[in-house]
Amino acid sequence: MKLYISKLLSTALPIVGVLCIFGFAFAGNISMGWILFVVLALISGIINTIFFRCPHCGKSIPANCTVNQKYCPLCGEDLGMKPSRISYYGKCRKNKNGVMRGYSTVGPMVFIVSLLILFLIVVAVFGVDSLNKGMGRIAVILAFCVSAILAIFCRIAVSSAVKMDDKAIYFSKIPFMWRKYEIDDIVENERVVEPFYHVNRGYIFATSKGMVAIPMASYAGGQEFFTEFTSRIGQSMPDVRPDLVLSKRSDQAKADEEHYEEAVKLYNEHYGEKR
Numbered sequence: 000m001k002l003y004i005s006k007l008l009s010t011a012l013p014i015v016g017v018l019c020i021f022g023f024a025f026a027g028n029i030s031m032g033w034i035l036f037v038v039l040a041l042i043s044g045i046i047n048t049i050f051f052r053c054p055h056c057g058k059s060i061p062a063n064c065t066v067n068q069k070y071c072p073l074c075g076e077d078l079g080m081k082p083s084r085i086s087y088y089g090k091c092r093k094n095k096n097g098v099m100r101g102y103s104t105v106g107p108m109v110f111i112v113s114l115l116i117l118f119l120i121v122v123a124v125f126g127v128d129s130l131n132k133g134m135g136r137i138a139v140i141l142a143f144c145v146s147a148i149l150a151i152f153c154r155i156a157v158s159s160a161v162k163m164d165d166k167a168i169y170f171s172k173i174p175f176m177w178r179k180y181e182i183d184d185i186v187e188n189e190r191v192v193e194p195f196y197h198v199n200r201g202y203i204f205a206t207s208k209g210m211v212a213i214p215m216a217s218y219a220g221g222q223e224f225f226t227e228f229t230s231r232i233g234q235s236m237p238d239v240r241p242d243l244v245l246s247k248r249s250d251q252a253k254a255d256e257e258h259y260e261e262a263v264k265l266y267n268e269h270y271g272e273k274r
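Sequential numbering of the sequence shown, starting at 0, is according to our numbering.
These aren't lab readings, by the way, just hints derived from the structure by calculation. Any given hint could be a false lead.
Said to hold, decoys possible - Pairs of lysine-lysine, DSSO-like flavour, derived with a Cα cap of 30 Å:
id	residue 1	residue 2
1	Lys93	Lys166
2	Lys264	Lys172
3	Lys264	Lys253
4	Lys179	Lys95
Given only the sequences and the hints, what does the whole structure look like? Please build it.
So, in C-alpha cells, the structure goes:
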C-alpha cells in the first residue's frame, strides 16, 4: 500500500501543479502558479526517490514505472502492489445477459483532464462572463471537440475493449467496431497453435480467420476477464508482466517474438495445405 500511495502522489502532484498554473493565470498571478508547479514537481521527485523503493532489493524504482507495476524492474521480485483500475481493461462487468466486458478508462480520463485544462485556458483568456456569448462560447465548443478527439485518439492508440458471451469473444480497437472470434473455433485451432502470452503483442491464439493478438493486462478488470477467457478455452492464465510491455528489446520480448513467428509459420503451413 505504501508503494501504491507514494507512486500515486508522485504522479498526481505534477498534474495538480499544472492546474495551479492555469488557476493562478485566471486569478492574475501566473508567477505564483509556476512557483507551485515547480515546488510540487520537486516534492513528487523526492517522494518517488525516497518512498517508491523495492521492498526486496531496496533500490529506488525508476520514475517511468506506473501504479500498476507488478514486478521490480531491477531485481524481478513481486512488489505486492494491488491491481489498479486506471488502465487497460480497468473495469470488467457482466450484464444480465451474461456478457462479460472489459474496457479501458483511458479515453474518459483523457477527455476529462484535457477538457478541464482547456476550459481553464478559455476562462483565463476570455473571462467567465464571456463563456455564454461570442468567441467565449465558440472556444468552449472547440475545447469540448478537441478533448473528444484526443480521447478517441488515445483510446485507439493505447487501449482497447473486449467482451465475451457464451459462444464468442469480441475485440475492439476502434470504438464501436467489434471483431468476433468463436470460442469453439479457438479451441479447434489449439491443435495447430497453442495459445500463449506475448509481452508486447498480448494474448495470441489461432482461428480459422487468422492469427489473433489481443492486448492483455494483469490489472483489476483484465485479470478477471482473461482468467475467465483462458478457462473457457481450456488454458491456464499466464503470468502477465506489465513492466515488460513497453520493453520491445528485452530478452523476454525477443523470445516471445521468435515464438510468435514460429506460430505464424505453423499456422500458414497448416492452412496452406488445406487450401
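Practice prompt. Sort out which numbered hints this structure fails and list those numbers smallest first.
Written response: none
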